[in-house]
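Quick note, the sequences are listed as chains V and U, same order.
Under my numbering, the first residue of the first sequence is numbered 1, with each subsequent residue one higher.
Under my numbering, the first residue of the second sequence is numbered 1, with each subsequent residue one higher.
Source of the hints: derived by calculation from the structure; they are not laboratory data.
The structure displayed is predicted, hence computed values, not measured ones.
Glycine included, every Cβ here is placed at the ideal spot set by N, Cα and C.
Incorrect hints may appear among the rest.
[To be verified] Label-pair distances were calculated between CB atoms; the ranges are:
(1) V/Ala72 / U/Gln11: 33 to 43 Å
(2) V/Ser139 / U/Gly368: 50 to 60 Å
(3) V/Gln31 / U/Ser412: 27 to 37 Å
(4) U/Ser412 / V/Ala192: 45 to 55 Å
(5) U/Ile390 / V/Asp143: 31 to 41 Å
(6) U/Asn307 / V/Ala177: 28 to 38 Å
(7) U/Leu358 / V/Tyr131: 53 to 63 Å
(8) V/Glu78 / U/Phe286: 55 to 65 Å
(9) U/Gln11 / V/Asn193: 49 to 59 Å
[Claimed, not checked] A few chain V positions that, by computed beta-carbon distances, are all more than 12 Å from chain U:
(10) Asp7
(11) Leu21
(12) Ser29
(13) Pro41
(14) Leu61
(15) Gly62
(16) Glu78
(17) Arg123
(18) Gln127
(19) Gly133
(20) Ser146
(21) Leu216
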Amino acid sequence: MVLLEADKVSRSFRIGDQSSLALSEHTLSVQAGEFLVLTGPSGSGKSTLLNVLSGLDRPSLGEVRYRGRSLADMTQQEIARLRNSSFGFIFQTPHLLPDRTVIENVELPFHYGCPRSFSEIRRRCLQLLEYVGMAPLTSRYPDTLSGGEMQRVVFARALACNPEVIFADEPTGSLDAENSCKILELLKKQTANNCSVIMATHDPGGIFYGTRVVRLEKLHANV
Amino acid sequence: MTFYPLFFDIQDAWRNLFRRPLRSLLSGLGIGIGVAALIAMLSLTEGAKRAAFEKFSSLGLQTLRLEAIASQSEKGESTMNLSQGIIQEDAVQLAEWLGMRGKIGVFIKKEGVRISAGNKEVKATVLGVNAGWFAAEGLSTTRGRLLYEGDIAHQENYCVVGSALAANLQVEVLSTIRMENHVATVVGVAARKGRLLTEGTGLSSVDFDNIVIMPLTSMPFPRVVADRLLLDGLVVSLEQAHESSVQFLAEQIRQILLDSHRQVEDFHVVVPLTLLREAEDSQKVFSLIMGAIAALSLLVGGIGVMNIMLANIAEQTREIGLRMAVGASQARIISLYLCHSILLTMTGAIWGGVVGVLVALLIQQFAGLPVVFSSFSLLVAPSFAVITGIIFGLHPARRAATLEPALALRDS
Ligand SMILES: Nc1ncnc2c1ncn2[C@@H]1O[C@H](COP(=O)(O)OP(=O)(O)OP(=O)(O)O)[C@@H](O)[C@H]1O
Ligand SMILES: [Mg+2]
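Just chain V, same shape as in the assembly (with noise of 0.2 Å):
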């Protein structure tokens, strides 16, 4: 079943009064429970590519249809919504609130969607960290982890909601070679439960564990 698609999608950026082209007329399209891969080099598009499947970023051209419905269509609540419930996200760098614990940060899904009780949420969360391997750190702060747990808390916030879709942006950029392994087989697993997972990745360890490999070539279009 084609979950995700990108109908010719375009994204150029402006910069001063120039534009420049990031991605041209890209055609993809996403099974559900399948992992892709996209490679190419440096400055391909592929970050640009995921933000604008993701509905973090709009095309400048083309439109992107999740199950049949175009992202363009959706109001920004919609989108806000559909990126809470359906999709979970994993960077480069570990993006984590400094303030707020480790479980806190696995919460915080929960407090921007549905409202649910809190000692499910808990629970939920607890069985994540335990997932990861993180259970015995879930009081610490951010700051106190290394670049691979806050990775694995990452992880953990993005399966909160049981997402179908998980985007992971070079989730093993900056992590060592352990690390990145435990990630991908994280990311793995997830396939098996019907969850598609799109990871941008120049990691050739990393292009093994795909279905499906996309390539994007590097453009010098300056439009």
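Keeping the supplied structure of chain V fixed, place chain U with the ligands upon it in accordance with the hints.
This is chain U with the ligands only, laid out in the frame that chain V set:
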């Protein structure tokens, strides 16, 4: 819509304050000063208002007071061809004219008279009054009785004594007191009433608790000019309490007296109600000036808060991107940063409130001005702070909410 998200945003904003505690504290400074000024100003004007009200209501807001201008008749100049001051006939004429519209009390006053009973002696004021005076002043007795028409007509040597005086001399009803070389029998002890607060009105003061009240006719120290008994003053208590009718009657009474005094203004009319209004008017100017100062500092404080909020948001761009990525809608981002700026202004308001109260108390202590804290003033200041927080927090909050999530996340 439940309150839960709002609670979460408040909690988030609260923690945010402590990321840079000094910055948070300083940004509340302007608001704090504004609130302090507002509370001090409101408490001072409220105190002044209360004091003015107490003063003028002790004189009776339904009362007109007329007093002879003492100097003229005491200079010993010939006033025969002009006027003699207020005389008994004036009172009679006014009483007839006034009819059912009010009561007239007249009095003669002698201050500093040595009063003795048994072996005790004190100095007090002696008033000679007519029977209507008690009703006009609203004075009653706790023991014994008042003086009646009959006592006045028969020139009885009876008197009513003030409560403090009675206690000092240890006199009771039917005791005898001596005023210099005059003797009178106590028929009543007056209820406590305190003194007339006449400062600044031009009236002479009377301490009702420390007087001897006698019939006008048996008053031992009369001043008689050309067979006419000179009065020291009149107290007119009106049935009508309406402001315009009080003022109208006061003017009428003045005209009548002027006519019978050959246009010589040898008396003084005081309308406490009018004085109260004048005092209120002058306070309004003061309030306006203080209000403008408070508003200005709130404005400056608000701009300070806006500035700090813009700096906070610039610093937290990536975090805002993160919140958006995990599903925060624009409304929630606005809510978060509005809560933040409201908390900033509220912390300013809280310490500003404390400082305001302290300043007001210090003013009371050292400048001797009366201060009254009303719940209104203590509520108004914090609500102004909240309103300022909303007004000046709105722009930064909207700016945060309209960030592009992809760009915000790229921020380093
Ligand atoms: N906000 C932006 N403003 C201007 N140009 C941008 C912006 N974002 C991306 N670009 C440009 O778009 C192109 C693609 O960038 P993108 O980040 O998608 O590359 P990438 O494939 O993710 O590279 P990397 O592997 O280094 O992360 C680059 O040339 C970049 O300069
Ligand atoms: Mg990238």
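Hint by hint, here is what the structure shows:
Separation of V/Ala72 from U/Gln11 is about 35 Å and conforms to the stated range, judged on CB atoms against 33 to 43 Å. The given range of 50 to 60 Å is respected by V/Ser139 and U/Gly368, whose C-beta atoms sit roughly 57 Å from each other. Taking 27 to 37 Å as the suggested C-beta distance range, the pair V/Gln31 and U/Ser412 conforms, at roughly 35 Å. The given range of 45 to 55 Å is broken by U/Ser412 and V/Ala192, whose C-beta atoms sit roughly 36 Å from each other.
About 33 Å separates the C-beta atoms of U/Ile390 and V/Asp143, a value consistent with the hinted range of 31 to 41 Å. Between U/Asn307 and V/Ala177 the beta carbons are some 47 Å apart, a value that contradicts the proposed interval 28 to 38 Å. For the hinted restraint 53 to 63 Å between U/Leu358 and V/Tyr131, the CB-CB distance of approximately 56 Å keeps it satisfied. In this structure, V/Glu78 and U/Phe286 meet the distance hint of 55 to 65 Å, their C-beta atoms being roughly 56 Å apart.
Our hint of 49 to 59 Å for U/Gln11 and V/Asn193 is violated, since their Cβ atoms are close to 32 Å apart. Non-interface call for V/Asp7 relative to chain U: holds, since the shortest CB-CB distance, roughly 19 Å, exceeds 12 Å. The non-interface label for V/Leu21 is consistent with chain U: the shortest C-beta to C-beta separation is roughly 16 Å, beyond 12 Å. Residue placement check: V/Ser29 keeps its beta carbon more than 12 Å from all beta carbons of chain U (closest about 21 Å).
At the 12 Å boundary, the C-beta of V/Pro41 stays outside the reach of chain U, the nearest C-beta of that chain being 19 Å off. Every CB of chain U is more than 12 Å from the CB of V/Leu61 (nearest about 16 Å), matching its label as outside the interface. Separation of V/Gly62 from chain U is adequate, the least Cβ-Cβ distance of about 16 Å exceeding the 12 Å criterion. Residue-level check failed: V/Glu78 sits 9 Å from the nearest beta carbon of chain U, not beyond 12 Å.
No beta-carbon of chain U comes within 12 Å of the beta-carbon of V/Arg123; the shortest separation is about 18 Å. With a least beta-carbon separation of about 18 Å from chain U, V/Gln127 lies farther than 12 Å from that chain, consistent with its non-interface assignment. No Cβ of chain U approaches the Cβ of V/Gly133 within 12 Å, the least distance being about 21 Å, so the stated non-interface status holds. Taking the minimum C-beta to C-beta distance to chain U, about 19 Å, the non-interface status of V/Ser146 holds against the 12 Å cut.
At roughly 17 Å, the least C-beta separation between V/Leu216 and chain U is larger than 12 Å, which holds for a residue marked as non-interface.
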